[in-house]
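So the protein sequences, as listed, match chains A and B.
The opening position of the first sequence corresponds to residue 1 in the working numbering, with each subsequent residue numbered one higher.
The opening position of the second sequence corresponds to residue 614 in the working numbering, with each subsequent residue numbered one higher.
It should be emphasised that the hints constitute simulated quantities derived from the structure, not laboratory data.
Heads up, a few of these hints could be off.
Lysine-lysine pairs mimicking PhoX-like chemistry, simulated, CA-CA at most 25 Å apart [to be verified]:
no. : chain 1 : residue 1 : chain 2 : residue 2
1   : A       : LYS460    : A       : LYS421
2   : B       : LYS692    : A       : LYS409
3   : A       : LYS421    : B       : LYS692
All of these numbers come straight from a predicted model, not from anything done at the bench.
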Amino acid sequence: MTVSIQAVNDFVIKFANVNGSGSASANGMFAKALFRMGIPCAPRNIFPSNIQGLPTWFEVRVSEAGHLGRREGVDLMVAMNAETYAQDVAEVRPGGFLLYDSTKPFPKSLRRDDISFIGVPIAQLILGEFADPKQRQLFKNIVYVGALAELLQMEWGVLTDMIEEQFKGKTKLIGPNVRALEIGRDYARDYLETPLPIRVARCDGVGDSILIDGNTAAALGFLWGGATVAAWYPITPSTSLAEAFEQHAGKLRRDEESQRNRFAVLQAEDELSAIGMVIGAGWNGARAFTATSGPGLSLMQEFLGLAYFAEIPAVLVDVQRAGPSTGMPTRTQQSDLLLGAYASHGDTKHVMLLPSTPKECFDFAVAALDLAERLQTPILIMTDLDLGMNDHISPPFQWDDGRCYDRGKVLDADGLDAVEKWGRYLDVDGDGIGWRTLPGTHPEKGSFFTRGTSRDEYAKYTESGEVYQRNMERLQKKWATAATLVPKAEIREGSKPKSCGIIYYGTSEPPMAEALQALKRQGIELDAMRIRAFPFGAEIYEFIDRHETVFVVEQNRDAQLRSLLIIEGDLDPAMLVPVLHYDGMPLPAQVVERHVAEYFAAHRKPRLSEVTP
Amino acid sequence: MTFVAKPRTHHPKLPRNDLGLTRRDYEGAVSTLCAGCGHDSVSAAIIQACHELSIPAHRVAKLSGIGCSSKTPTYFLGKSHGFNSVHGRMPSVATGANMANRELYYIGISGDGDTASIGLGQFAHIVRRRINMTYVVDNNGTYGLTKGQFSATNDKGSTSKKGAPNLYEPIDLAMMAIQIGATFVARSFSGDKGQLVPLLKAALKHEGFAFLDVISPCVAFNNHSGSTKSYEYVRGHTEAMTVADLIPIRDEITVDYAPGTVEDVTMPDGSTLRLHKLHRDYDPRDRVGAMDTLMRRAEAGEIATGLLYLDDEPSDCHEILQTVDAPLATLGEADLCPGSERLEAINAAFR
Numbered sequence: 001m002t003v004s005i006q007a008v009n010d011f012v013i014k015f016a017n018v019n020g021s022g023s024a025s026a027n028g029m030f031a032k033a034l035f036r037m038g039i040p041c042a043p044r045n046i047f048p049s050n051i052q053g054l055p056t057w058f059e060v061r062v063s064e065a066g067h068l069g070r071r072e073g074v075d076l077m078v079a080m081n082a083e084t085y086a087q088d089v090a091e092v093r094p095g096g097f098l099l100y101d102s103t104k105p106f107p108k109s110l111r112r113d114d115i116s117f118i119g120v121p122i123a124q125l126i127l128g129e130f131a132d133p134k135q136r137q138l139f140k141n142i143v144y145v146g147a148l149a150e151l152l153q154m155e156w157g158v159l160t161d162m163i164e165e166q167f168k169g170k171t172k173l174i175g176p177n178v179r180a181l182e183i184g185r186d187y188a189r190d191y192l193e194t195p196l197p198i199r200v201a202r203c204d205g206v207g208d209s210i211l212i213d214g215n216t217a218a219a220l221g222f223l224w225g226g227a228t229v230a231a232w233y234p235i236t237p238s239t240s241l242a243e244a245f246e247q248h249a250g251k252l253r254r255d256e257e258s259q260r261n262r263f264a265v266l267q268a269e270d271e272l273s274a275i276g277m278v279i280g281a282g283w284n285g286a287r288a289f290t291a292t293s294g295p296g297l298s299l300m301q302e303f304l305g306l307a308y309f310a311e312i313p314a315v316l317v318d319v320q321r322a323g324p325s326t327g328m329p330t331r332t333q334q335s336d337l338l339l340g341a342y343a344s345h346g347d348t349k350h351v352m353l354l355p356s357t358p359k360e361c362f363d364f365a366v367a368a369l370d371l372a373e374r375l376q377t378p379i380l381i382m383t384d385l386d387l388g389m390n391d392h393i394s395p396p397f398q399w400d401d402g403r404c405y406d407r408g409k410v411l412d413a414d415g416l417d418a419v420e421k422w423g424r425y426l427d428v429d430g431d432g433i434g435w436r437t438l439p440g441t442h443p444e445k446g447s448f449f450t451r452g453t454s455r456d457e458y459a460k461y462t463e464s465g466e467v468y469q470r471n472m473e474r475l476q477k478k479w480a481t482a483a484t485l486v487p488k489a490e491i492r493e494g495s496k497p498k499s500c501g502i503i504y505y506g507t508s509e510p511p512m513a514e515a516l517q518a519l520k521r522q523g524i525e526l527d528a529m530r531i532r533a534f535p536f537g538a539e540i541y542e543f544i545d546r547h548e549t550v551f552v553v554e555q556n557r558d559a560q561l562r563s564l565l566i567i568e569g570d571l572d573p574a575m576l577v578p579v580l581h582y583d584g585m586p587l588p589a590q591v592v593e594r595h596v597a598e599y600f601a602a603h604r605k606p607r608l609s610e611v612t613p
Numbered sequence: 614m615t616f617v618a619k620p621r622t623h624h625p626k627l628p629r630n631d632l633g634l635t636r637r638d639y640e641g642a643v644s645t646l647c648a649g650c651g652h653d654s655v656s657a658a659i660i661q662a663c664h665e666l667s668i669p670a671h672r673v674a675k676l677s678g679i680g681c682s683s684k685t686p687t688y689f690l691g692k693s694h695g696f697n698s699v700h701g702r703m704p705s706v707a708t709g710a711n712m713a714n715r716e717l718y719y720i721g722i723s724g725d726g727d728t729a730s731i732g733l734g735q736f737a738h739i740v741r742r743r744i745n746m747t748y749v750v751d752n753n754g755t756y757g758l759t760k761g762q763f764s765a766t767n768d769k770g771s772t773s774k775k776g777a778p779n780l781y782e783p784i785d786l787a788m789m790a791i792q793i794g795a796t797f798v799a800r801s802f803s804g805d806k807g808q809l810v811p812l813l814k815a816a817l818k819h820e821g822f823a824f825l826d827v828i829s830p831c832v833a834f835n836n837h838s839g840s841t842k843s844y845e846y847v848r849g850h851t852e853a854m855t856v857a858d859l860i861p862i863r864d865e866i867t868v869d870y871a872p873g874t875v876e877d878v879t880m881p882d883g884s885t886l887r888l889h890k891l892h893r894d895y896d897p898r899d900r901v902g903a904m905d906t907l908m909r910r911a912e913a914g915e916i917a918t919g920l921l922y923l924d925d926e927p928s929d930c931h932e933i934l935q936t937v938d939a940p941l942a943t944l945g946e947a948d949l950c951p952g953s954e955r956l957e958a959i960n961a962a963f964r
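Next up, chain A with everything else stripped away, as it sits in the complex (with noise of 0.2 Å):
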């Protein structure tokens, strides 16, 4: 018999079960409930393309040491869904726990004898409870967080707490879902072994953080930063990233008097007419934004060559999901980067913002929207599904109340009169950027005409090769002056220096410290940088400039964010090492591990305990 797998805050527990079946919020619950037990932890779901039916899971990463990338291999299993139980028991790792609904056997076939099979016959305890087939069902998943408290020692109270809140206004719900996590603590006080070897304990890991997901954060920061119109067009996994503003909008947005909302929310029939009614709002002085994910990105290609080309503030939001075509469309992964680097036929080139947490999705939708109207072109927010829909411990949101949004060079009626001589693009101040008027303004003054043809400082249409071509390089000016200006690049690096580094962005951020510490371990120690935008700051190339070899990791097959650092910075190829992971899941540390640690073995590259006394 294998010896049982024995750990305090510090195991990966699975839910299987089937999609529909109200399982998503007794798991979050559960979530939720160590969390606030101050134990770090990461709540990964992971659901089919559909809404009743299909087997779901859900993935909780707990780490007092905070290491909240996913892990690979499960050491307690909720084994809900007889369809996949053969798939769920072969991922237990040796030593592990299984624990499944008893009220039918396990299938002999199944068996692993290096698991402990934990039976708790749920549909039995409920029948016997619950007289409605609905409540039954949603009951069964509450049962086995009650099962769970005991066998894992949560804090009861923590739970208890949970269901009133959630059921504030409806109490007469409070008293069955209480009694249906009893049914499942008492049934494991009664009959099971506990507390499992495998358990957790209150602890001081999350301090003032909060528990929320990246695109609920990135609508909030669109509503702070001063949005005041969003077009969007359904599609996971950007979707609640819209609802979520629309919601905290009709609360936080809406006159006291009248009644009438400071914010217009308009679901578009395509992603196209989406990004339309951005530039069209953003064109005429209102900030706004869409969210949208890859295919939608696909066909938002022309509007944002216009708003280039044109110089109209808007902001989008990627939430990117595993593609090509429809892909796999609720995995997640990084594979839209190129796409939105270059937008749209011609030489066009995009402002890029690259979020680790839902901190940073906040702190950048604010951002995003004063760099729009500063620099006067569309502005992509970068996020994956891994960031946008699950939950995630991230610092508190903050906001300094004297903060002014930048509205950019926008002339108003007097300074139109001010003005000497005006030309919509013309570049007065030497950073590439002109200043724009919007309609309305003024009787006799600014009125120009916005279009995707070529045209001359004063906005007239030309076809001349030459006022063409400089009004290409004074486009290319403004890019630098935006390089000045996004998110610097976060720099990891000791005081001794190191042949190598290693660069990442996005959700890869998570894993990226636990995977450090496990190849210094194996004497392998790597400088880190984390790029927050594109374009690439100078601080970008500085860094890579200092080390032999640059390991880049990212969750795509063709290696993106490499290739457009070659291709910005004219690298030489051989010095940028891909790390890649694009299976449609969050990326692990032992995949960053493992790779490095491979590329160092085949390179007979010295490893530092080697080369140190």
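Got chain A; can you put chain B on it based on the hints?
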């Protein structure tokens, strides 16, 4: 197009409107469309309508898509901001612009290709959303800028420049607009100033989505075999001329006919349009009746013109969305930012 620059001075006795402005103050740049193009008549009618209504030009935003018609906003209201967007997508840009600032007049200019083909989806949805604007389609049944392909409003059986017949059913944009929620729908002919200008004025004053389908003949792409106005004929009867890109110079086609009568108009391609001006007794407030009239006239081979449908109490998208009276674009931090205290409450709700 005309190559003579417009004089800057004008006759001192030109009539002035309530703002003390003459018609010339509402003009735009010189048109680059073919001489005699119906679209220029539409631009002239817009100039006249805005002048007569004493609309301050800078309070108008002109939006268009791509195509001959979409070029025309350059040729009227030179003091207005204009936006020549992408093909078929003017409706979404106009929607966003209108959401940002509800206080401006919005004039959208589109063509039959721009609205009935590439932009049919956006057209349908801007009608549904009831954006407060005047949406004009310069409808000539052809793609002018790419030299004469059929558009979706072209009648089945009519022939193209190359002589091929149109095999497909036409889309009636006015019918569609009535069916999906427009509160003002009219049809006219570019050369019928007497009908077009009043319709434009009514559309501009309408506080909802106003749609105007304007039949506007294309003078360039005409190839009715046997017609003396066809390319073939001109080539065959002209000497010492580079004929490949010849566009014959034509006079504008005008009409003037009484309500309740039918007028036959010969188009540049030699075909005849049968315009049926709606009778004075026609009730434009009857939505079903309007659709019935359109279909019956079409069956008789006629095109009904005039104010086809009107809802006297229109609602617009801002009413639907219950937005505040002040333009959203003018709101600042004090109105928009919930502040740090509220953000602390948000943080607390996620712990």
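> Checking against the hints above, which ones are violated?
Replying inline: none
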